[in-house]
Each structure stands twice: as structure tokens, then as C-alpha cells.
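Undergrad: As you go down the protein sequences, you meet chains A and B in turn. The numbers in the numbering used here rise by one with no breaks, and the one at position 76 of the first sequence is 76. The numbers in the numbering used here rise by one with no breaks, and the one at position 98 of the second sequence is 199.
These are computed hints drawn from the structure, not numbers from a lab. Worth double-checking, as some hints may not be accurate.
Stated by the list, open to error - One-sided excerpt, in silico: chain A residues whose CB lies under 8 Å from chain B:
| no. | residue |
| --- | --- |
| 1 | Ala13 |
| 2 | Thr27 |
| 3 | Asn37 |
| 4 | Thr39 |
| 5 | Phe97 |
Stated by the list, open to error - Derived contacts from chain A toward chain B, CB cut-off under 10 Å, selection only:
| no. | residue |
| --- | --- |
| 6 | Ala17 |
| 7 | Val28 |
| 8 | His40 |
| 9 | Asn43 |
| 10 | Leu48 |
| 11 | Lys54 |
| 12 | Val58 |
| 13 | Leu71 |
| 14 | Leu72 |
| 15 | Thr75 |
| 16 | Phe83 |
| 17 | Met86 |
| 18 | Ile87 |
| 19 | Asp93 |
We put the CB at the ideal spot given by N, CA and C, even for glycine.
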Amino acid sequence: MEQHAHQKHGASAGVYAMVFAALLALTVVTVGLSYVNLTHTGNIIAALIVATFKALLVALFFMHLKYEGRLLRFTAIFPLILFCIMIGALILDIVIFLKPH
Amino acid sequence: MENTAVAHGKIEDRERLENVSFGMWLFLASEVMFFTAFFGMYIVLRNAHPEIAQSREELSRIMGCINTLILITSSFTMVLAVNASKVGDRKALVRNLLITILLACGFLVVKGFEYGHKFSMGHFPSTNLFFACYYLLTGFHGLHVIAGIMVLTSLLIRSAKGDFTATYNSPIEMTGLYWHFVDLVWIFLFPALYLI
Numbered sequence: 001m002e003q004h005a006h007q008k009h010g011a012s013a014g015v016y017a018m019v020f021a022a023l024l025a026l027t028v029v030t031v032g033l034s035y036v037n038l039t040h041t042g043n044i045i046a047a048l049i050v051a052t053f054k055a056l057l058v059a060l061f062f063m064h065l066k067y068e069g070r071l072l073r074f075t076a077i078f079p080l081i082l083f084c085i086m087i088g089a090l091i092l093d094i095v096i097f098l099k100p101h
Numbered sequence: 102m103e104n105t106a107v108a109h110g111k112i113e114d115r116e117r118l119e120n121v122s123f124g125m126w127l128f129l130a131s132e133v134m135f136f137t138a139f140f141g142m143y144i145v146l147r148n149a150h151p152e153i154a155q156s157r158e159e160l161s162r163i164m165g166c167i168n169t170l171i172l173i174t175s176s177f178t179m180v181l182a183v184n185a186s187k188v189g190d191r192k193a194l195v196r197n198l199l200i201t202i203l204l205a206c207g208f209l210v211v212k213g214f215e216y217g218h219k220f221s222m223g224h225f226p227s228t229n230l231f232f233a234c235y236y237l238l239t240g241f242h243g244l245h246v247i248a249g250i251m252v253l254t255s256l257l258i259r260s261a262k263g264d265f266t267a268t269y270n271s272p273i274e275m276t277g278l279y280w281h282f283v284d285l286v287w288i289f290l291f292p293a294l295y296l297i
């Protein structure tokens, strides 16, 4: 019971501060990377990776998902799956069917 | 609601919080799909008309970066506010809610400057597809920020009056979830529009 209550309380203030610092640092990294030329696709992938990592930090710690049960985690992950399906399908469509101008 | 919480004890509190969280996450799931539609639209349009990518030069990366930092900080102060409400620290709750609201308004002010600058350069939603996407995406995100500010303000007033206790604080936490979601959308919007 004690452990369960502690889990529901979430992280300590120190962890939140570290997550905050990491988010600030990653933002600077994102902007910095945009000034480096990694080829167009490379830049997109790099920006997406950093953004996804930041999003994970916000979702797991700030939004508490690391400490929640299966119901909430599933409810949060499911739309992400739908998002990937939709964006993935659109990108496939572009890559296969879009004729270059 | 408060009396019921005290009368029925702790298990029901956790169950109720989980139910309320479930409801809020369902709402956020629908919001994810809402923004997915616009992101998808932007991806397709930009690939179909690569020349519009030039318009990205008109966007200020510095302003966008400042806005990102503002929103991330407001998410942090929101977390502090939720934590304060959980231990019943009214002063910290009010203080952190106030800072969150001020930061959110700061975000809108920067956005306002950006929009104003673009209007003065003659860049409107009808100018080209890039700007249509830009105004649409940031406009809807901005509307979400405004709605968040309104809810946060009403929470601030209620907190100042002492409506929230260590046992009854789910509105703060749920609004926190919404606010982190708004931050999340911007975390993807910023690179998609300003950097890529």
C-alpha cells in the first residue's frame, strides 16, 4: 500500500528539475542541429528523433505516465499508434505515387 | 465532492483520480488526432510543392526557440503547481499557477509579434501553401493556448480562495495534463515549421 501510494505520487522535485534542464538543453540541440547540413532527409530524421525524445520526457515525467497503470498508458499510446499509421500512410503515398515536378 | 472524498477514504480517491485521468487522456487522444490531420496535410502539401519551403526562411528560428523555451518552462511550473496542490501548499500553488499563466501569455505575445511582422511583410494565409499551413497550425495551437489560459485563470481564482486541498486537487492535475499536451504539440510544431 505504501509503495503503491508512493508510485502514484510520482517523481521527486529533483527529478522534475533534471527533466526540465534536459528539455531546455534538447531545445538548444534541436536549433543547433538545424544549422548543420545533414542532407534534407538527415535533418528531418535528426529533428524528429530529438523531438520524440523531448516528447517522451514530457509524457513520462511531467504527464506522469511512468508512474501510471496499464489503462492510462494504453490510452496514451493508442493515439500515437494511430498517428504513426496515418503519417506513415501519407509518407508512403508521397514516396510511391507523387511524381516529382 | 470534498465531503465525499473525506468520508469515503483513500482508495476511492485514487480510483476517482484514475477515472478522471482516463477521461482527460481520452480527450487528449482526440486532440492528438486533430493535430495529426493538420500535420499530415502539411507533410503532403510540402512534398507536393517543394518550392514553398523557401517561405520557411521568413520564419525567425530565434523567436520560435524562445517560444519553445517559454512553453517548456510553463510546463515545469505547472508540474510544480500540481505538486503543491498535492501537499496542500496553497501559496506555492497560486504562485506557480500565476507564473504558468504569465508564461503562456508571454508565448502569445511573441506569437503576436511574429504574426504582426509577417502581416507587415505581406505574408497572409492566402499568400502560399506554406503560410496557409503555418497560420493554420500555429493558429489552432494558439487557440489551445488561449483556452488553457482561461482554464488556468479560473483555477488560479479558485486556488486563491482555497478551493483545493491535498485530497481534492484533480482539476489542477487534469489541467496540467492538458497543458503538457499543448507543450507537446509545440515540441513537434517548432521543428516541423521552423527548422526542417
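Undergrad: With reference to the structure, classify each hint as holding or not holding.
TA: Status of each hint after checking the structure:
Annotation: A/Ala13 was flagged as interfacial toward chain B, and the flag holds, the nearest CB pair being 7 Å apart, inside 8 Å. Among the interface hints, the one on A/Thr27 holds; its C-beta lies about 5 Å from the nearest C-beta in chain B, closer than the 8 Å criterion. Evaluation of the A/Asn37 hint against chain B yields a violated restraint, the C-beta minimum of about 13 Å exceeding 8 Å. Because the closest C-beta pair between A/Thr39 and chain B is about 12 Å apart, greater than 8 Å, the hint is violated.
With its C-beta approaching chain B no nearer than about 11 Å, A/Phe97 sits outside the 8 Å limit, and its interface hint is violated. For A/Ala17, the shortest C-beta to C-beta distance to chain B is roughly 8 Å, which falls under 10 Å, so the interface hint holds. Against a cut-off of 10 Å between C-beta atoms, the interface hint on A/Val28 holds, since the closest Cβ of chain B lies about 8 Å away. The interface hint given for A/His40 holds, since its Cβ lies 8 Å from the closest Cβ of chain B, which is under the 10 Å cut-off.
Checking A/Asn43 against chain B: minimum C-beta separation of about 6 Å stays under 10 Å; hint holds. The restraint placing A/Leu48 at the interface with chain B holds, with a minimum CB-CB distance near 7 Å, inside the 10 Å limit. For A/Lys54, the suggested interface contact is upheld, since its CB lies about 5 Å from the closest CB of chain B, less than 10 Å. For A/Val58, the interface hint holds, since its Cβ comes within 10 Å of a Cβ in chain B; the closest pair sits about 5 Å apart.
The beta carbon of A/Leu71 comes within 6 Å of a beta carbon in chain B, closer than 10 Å, and the hint placing it at the interface holds. This hint holds: A/Leu72 has a C-beta 6 Å from the nearest C-beta of chain B, less than the 10 Å allowed. Because the closest C-beta pair between A/Thr75 and chain B is about 4 Å apart, less than 10 Å, the hint holds. A cut of 10 Å between beta carbons decides the hint on A/Phe83: the least distance to chain B is about 5 Å, and the hint holds.
For A/Met86, the interface hint holds, since its Cβ comes within 10 Å of a Cβ in chain B; the closest pair sits about 5 Å apart. Annotation: interface hint on A/Ile87 holds; nearest CB of chain B at approximately 6 Å, less than 10 Å. Hint on A/Asp93 holds. Least Cβ distance to chain B is approximately 8 Å, under the 10 Å limit.
Violated hints for the displayed structure, listed by number in ascending order: 3, 4, 5.
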